[in-house]
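Asks: Chain by chain, the residues run as shown.
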Amino acid sequence: MKKSRSISDRMSLRLLSATMLLFFGCTAAMGLIARNSILKSSYENTQNLLEKLVSDIEGILSETETAAENMVWLAKEHTDDPDYMFHITREFIDHNENIIGSTIAFEPNYFKNKGEYYAPYSYVNYDTGEMDSFQMGSNDYDYFTMEWYQLPLLLKQNIWCEPYFDEGGGNQMMTTYSIPLEDNYGHVFAVLTADISLMNLTSIIENIRPYPDSYTVLIGRSGSYISHPDPRLVLNQTIFTHAKQIENNDLYATGLKMVNHESGISRLKMGKRDTYFAVYGALTNGWSVGLFCPDKEILEDLMKMSNTITLVAIIGMIILFLITRRIIRRNTQPITEFAYTALNIAKGNFNVDLPEVTTNDEIKQLHDALQYMLTSVNSYIHELKTTTASKEKYESELYIASAIQKQMVPNEFPAESEYDLFATLQPAKEVGGDLYDFFRKGDYLYFAIGDVSGKSVPAALYMAITRAIYRIISNLGYPLNETMIRINDSISRGNTSNMFVTMFTGRINLKTLEMTFCNGGHNPIVLIDPDGKAELLHAKPNIAVGLFGGFDYVEESVQLKKGTRLLVYTDGVSEAENSANEQYGEERLLAFCSKEPVSDTSQVFIDNLLKDVRKFTADNEQNDDITVISVLL
Amino acid sequence: MRRFFLIITAVLLSNSLLQGQENKIIFMPHWTPQAQFAGYYVAQEKGFYKEAGIDVEIRHIGLNSRKNSSSYLRSGEINITTLHLLQAMVNKDGGLDIVNILQTSQNSSILCVAHTPLPSFKSLEGMKVGLWKTGFTESAIIAADEMDVSYEAVPFLNGINLFVAKAIDATFVTSYNEFKHLFYSVGNVPAENVLRFSDIGYNYPEDGLYTTSAYYNTHKEQVDKFAEASKRGWEYAATHPDETLKIIEKYTSEANIATNEVLQREMLEEVLRLQLDPATGKRTFAPVDEKLYNTILTKAQNAGLVMGDIKYQDFIKQ
Numbered sequence: 003m004k005k006s007r008s009i010s011d012r013m014s015l016r017l018l019s020a021t022m023l024l025f026f027g028c029t030a031a032m033g034l035i036a037r038n039s040i041l042k043s044s045y046e047n048t049q050n051l052l053e054k055l056v057s058d059i060e061g062i063l064s065e066t067e068t069a070a071e072n073m074v075w076l077a078k079e080h081t082d083d084p085d086y087m088f089h090i091t092r093e094f095i096d097h098n099e100n101i102i103g104s105t106i107a108f109e110p111n112y113f114k115n116k117g118e119y120y121a122p123y124s125y126v127n128y129d130t131g132e133m134d135s136f137q138m139g140s141n142d143y144d145y146f147t148m149e150w151y152q153l154p155l156l157l158k159q160n161i162w163c164e165p166y167f168d169e170g171g172g173n174q175m176m177t178t179y180s181i182p183l184e185d186n187y188g189h190v191f192a193v194l195t196a197d198i199s200l201m202n203l204t205s206i207i208e209n210i211r212p213y214p215d216s217y218t219v220l221i222g223r224s225g226s227y228i229s230h231p232d233p234r235l236v237l238n239q240t241i242f243t244h245a246k247q248i249e250n251n252d253l254y255a256t257g258l259k260m261v262n263h264e265s266g267i268s269r270l271k272m273g274k275r276d277t278y279f280a281v282y283g284a285l286t287n288g289w290s291v292g293l294f295c296p297d298k299e300i301l302e303d304l305m306k307m308s309n310t311i312t313l314v315a316i317i318g319m320i321i322l323f324l325i326t327r328r329i330i331r332r333n334t335q336p337i338t339e340f341a342y343t344a345l346n347i348a349k350g351n352f353n354v355d356l357p358e359v360t361t362n363d364e365i366k367q368l369h370d371a372l373q374y375m376l377t378s379v380n381s382y383i384h385e386l387k388t389t390t391a392s393k394e395k396y397e398s399e400l401y402i403a404s405a406i407q408k409q410m411v412p413n414e415f416p417a418e419s420e421y422d423l424f425a426t427l428q429p430a431k432e433v434g435g436d437l438y439d440f441f442r443k444g445d446y447l448y449f450a451i452g453d454v455s456g457k458s459v460p461a462a463l464y465m466a467i468t469r470a471i472y473r474i475i476s477n478l479g480y481p482l483n484e485t486m487i488r489i490n491d492s493i494s495r496g497n498t499s500n501m502f503v504t505m506f507t508g509r510i511n512l513k514t515l516e517m518t519f520c521n522g523g524h525n526p527i528v529l530i531d532p533d534g535k536a537e538l539l540h541a542k543p544n545i546a547v548g549l550f551g552g553f554d555y556v557e558e559s560v561q562l563k564k565g566t567r568l569l570v571y572t573d574g575v576s577e578a579e580n581s582a583n584e585q586y587g588e589e590r591l592l593a594f595c596s597k598e599p600v601s602d603t604s605q606v607f608i609d610n611l612l613k614d615v616r617k618f619t620a621d622n623e624q625n626d627d628i629t630v631i632s633v634l635l
Numbered sequence: 050m051r052r053f054f055l056i057i058t059a060v061l062l063s064n065s066l067l068q069g070q071e072n073k074i075i076f077m078p079h080w081t082p083q084a085q086f087a088g089y090y091v092a093q094e095k096g097f098y099k100e101a102g103i104d105v106e107i108r109h110i111g112l113n114s115r116k117n118s119s120s121y122l123r124s125g126e127i128n129i130t131t132l133h134l135l136q137a138m139v140n141k142d143g144g145l146d147i148v149n150i151l152q153t154s155q156n157s158s159i160l161c162v163a164h165t166p167l168p169s170f171k172s173l174e175g176m177k178v179g180l181w182k183t184g185f186t187e188s189a190i191i192a193a194d195e196m197d198v199s200y201e202a203v204p205f206l207n208g209i210n211l212f213v214a215k216a217i218d219a220t221f222v223t224s225y226n227e228f229k230h231l232f233y234s235v236g237n238v239p240a241e242n243v244l245r246f247s248d249i250g251y252n253y254p255e256d257g258l259y260t261t262s263a264y265y266n267t268h269k270e271q272v273d274k275f276a277e278a279s280k281r282g283w284e285y286a287a288t289h290p291d292e293t294l295k296i297i298e299k300y301t302s303e304a305n306i307a308t309n310e311v312l313q314r315e316m317l318e319e320v321l322r323l324q325l326d327p328a329t330g331k332r333t334f335a336p337v338d339e340k341l342y343n344t345i346l347t348k349a350q351n352a353g354l355v356m357g358d359i360k361y362q363d364f365i366k367q
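These protein sequences, in sequence, are chains A and B.
Okay, so the first sequence: first residue is 3 according to the numbering used here, each after it adds one.
Okay, so the second sequence: first residue is 50 according to the numbering used here, each after it adds one.
Just so you know, the hints here were simulated from the structure itself, not pulled from any lab data.
Please note: incorrect hints may appear among the correct ones.
Below, simulated SDA-like cross-link-like pairs (lysine to any residue); rule was C-alpha separation at most 25 angstroms, straight line [what the hints assert, rightly or not]:
hint	chain 1	residue 1	chain 2	residue 2
1	B	Lys215	A	Ser64
2	B	Lys295	A	Asn250
3	B	Lys295	B	Ile75
4	A	Lys158	B	Lys182
5	B	Lys299	A	Phe167
6	A	Lys114	B	Ile75
7	B	Lys215	A	Lys271
8	B	Lys177	A	Ser64
9	B	Lys299	A	Ile248
10	B	Lys215	A	Glu67
11	A	Lys158	B	Trp181
12	A	Lys259	B	Ile75
13	B	Lys182	A	Ser140
14	B	Lys299	A	Gln174
15	B	Lys182	A	Ala255
16	B	Lys177	A	Ile248
17	B	Lys215	A	Lys114
18	A	Lys271	B	Val235
19	B	Lys177	A	Asn262
20	B	Lys215	A	Ala255
21	B	Lys182	A	Pro110
22	B	Lys215	A	Met176
23	A	Lys158	B	Asp218
24	A	Lys158	B	Ser199
25	A	Lys158	B	Glu241
26	B	Lys215	A	Glu71
27	B	Lys215	A	Asn287
28	A	Lys259	B	Ser199
29	A	Lys259	B	His164
Derived DEER-like restraints, expressed as beta-carbon distance ranges [claimed, not checked]:
hint	chain 1	residue 1	chain 2	residue 2	range
30	B	Asp291	A	Asp232	56 to 62 angstroms
31	A	Gly117	B	Asp197	23 to 29 angstroms
32	B	Thr344	A	Ser64	56 to 62 angstroms
33	B	Gly96	A	Ile206	47 to 53 angstroms
34	B	Gly96	A	Glu184	54 to 60 angstroms
35	B	Asp291	A	Ala255	25 to 31 angstroms
Heads up, the beta-carbon is just placed ideally off N, CA and C, and yes, glycines get one too.
Please put together the full structure from these sequences, using the hints given.
Replies: Structure representation (structure tokens):
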């Protein structure tokens, strides 16, 4: 089951969520702006640094370039003296401390007496510090296919060669600046070189570290690393093989820009999480320098600040939550109390005291409304109690009346050899206005059925009176019409309520089976002969009993046969209605009587008749008292 | 008595030394250490040569030297070397009596790469084209002869720097070495600037093992063992590339070769691909087909690379 939360908790949480969302949204936006600003500033600083570095490297290289170019005229001047070339190279090295080796390598067989190869070479012996010289061209050192020789020859321009690692020269990285020497006809006849160590240059590069984990790389025309913080990569890897090895497409793309001598900034993803930016620029000799800086370090302060802000914000949010909850709780406390009060009321306790409200707001309105409701409910309950008590009393009395009424009509049906009689009275309410009676006196069977106008208690009282008067008067032995006259006179006298009774009285001579009867405004009874033929017994019209006194009732007689059945009933049977407001009617009644076996006992006959009526009315409520008497002779 | 024992000992010792000398083979690949020769390094390092009962010493040429491995073979300083088929034929014609004892490559690795599109070989007309000073481009010479193309040949020692510096218009490269270097130096070369010899009717087999006829005749058993163990080395390299790369790295480090695993791995993969029979796609080490051999010979003769006749049976001893 979902745990219910108080309004204060819910409101505080919602407020907190909205505040957090707003706060962190603003912080993120601010962070992004700050980040971009810091990065931009960092880009600019690093670019300035790179420009200075490029300028420094160019300075070192141009020193060598100038020195070498100054030697060109000297070499050209002494082409008639091949051995003088040794002197030139030695002097060149002597006067330039950066230069550690130099040669003037001539085209094949340039000097007839010097053979195919002639390349006087001087260099500083790394071990002794002395200068040594020798002619280095030979079958074992075929300089004609060396890059330092071929490039200036083919391009007819001064060029820096790709660096190489010189094992014999003190295990250091070197590079060569080559100048083609042309004769007066523009033919290149020799190449003058200046070897320099790259140690100074690489140490300058390695020292450029704007951030502790940033690094600088120098790559050659072919993308080879000339300088890289990882010495294993230097000259062994190009920036592209490195990118492939570490599976870094960003590095590959940056490498492409660098070998294409572009300048600019690239962003790179290094490893799983680190991002770098690289600022790169080209050197005039075709090399390229790149400064790689990790965002992490540049943004370290921002990250620290951001973390602090987040921590402070979280603490602030918790405090805000507690304060907000307290304020809301205080303001909504009456609602909580009202909730408890309402629960008490719901449990039936209507005498609770409502919480006190000192404010004049919605809570006060709630209090007043609840107070009004409570007063109304209490008043209603009081009324209800009184009414219920009265009703209970009334119902109890009515129940007693019903029992008494049931006792007013004969409920025992003595077994007689001459006839089989059964009767039933089913009031529509607790008490009803129908009545029946029968008794035997000598050879005569007296019976009567009546239906008081109206229903319920007044009709019941009227029925009780009528039944009592009938029993008294009919016992006096008057003819039936006289009996009816007397009953009518008795009832109509002082009948201020204008109530009346339709009444059918009969007397059967059990010996002769002659039936005398008098019908005071009642339904015609049904006679079913022993063959099962049923018909209504229409009598001479008499008024209903009790309307006014002095009416002269007329009696009639009919001869019955053994096996004839008399069915005497009130209009509760013939006028029983179904949901379509159709009445059961006399036709259905006669049809039933014709269809029902003549041998049925009176009780079975009545039971089946009432079932037939109920079947017809179905769910429709019984709207009138039903009384039936069956006499089978 | 003592003299007798001394004589016996001396005889036994000299016999055993002689026996050792007999089984000693000095092998020199035709280039500096790289994955192109992986099978031989593997056979040596995994002891396949030793298991075959031969004692192999692997030497390498000096990079700056004009002296190539054929020269060493000629002078008798080494016993077995690797050569391209055409290179070997030219050598044989030039008087170096050598025989082919194993053919590893079954395809041409030669490509021509230019700064401008190369729709055909004729596009090289008048260009400055780089080629190895040590050979390997005999098929290019045949193609130039057959198609009557003349270009300015610029012999280079090694690498791609002349091309990258745009000192030359085009250059011949191998698919396993310089072409890979090029990719990892300047990025992708446009496909239209590349011409593959295998696509223009010159898919000639290349690397094979060679020894002198004299050595072959006197050491047939050892030579055959060397060839068999070398095949085993190549098979092992094909199925154990990572281990093979470590072995290659040992050789390149010892020779101070500036290279890296990425390039060597790609080279190994390409060399192994070139060993597959173009018809079956299987590594068969099959000797050069006689008909193809004769075609190549005729073309070489027409181009003036080979003057005399080199009988298939005298040359292919596999």
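Asks: Which of the numbered hints are not met once you compare them with the structure shown?
Replies: 6, 7, 8, 12, 15, 16, 17, 25, 28, 30, 31
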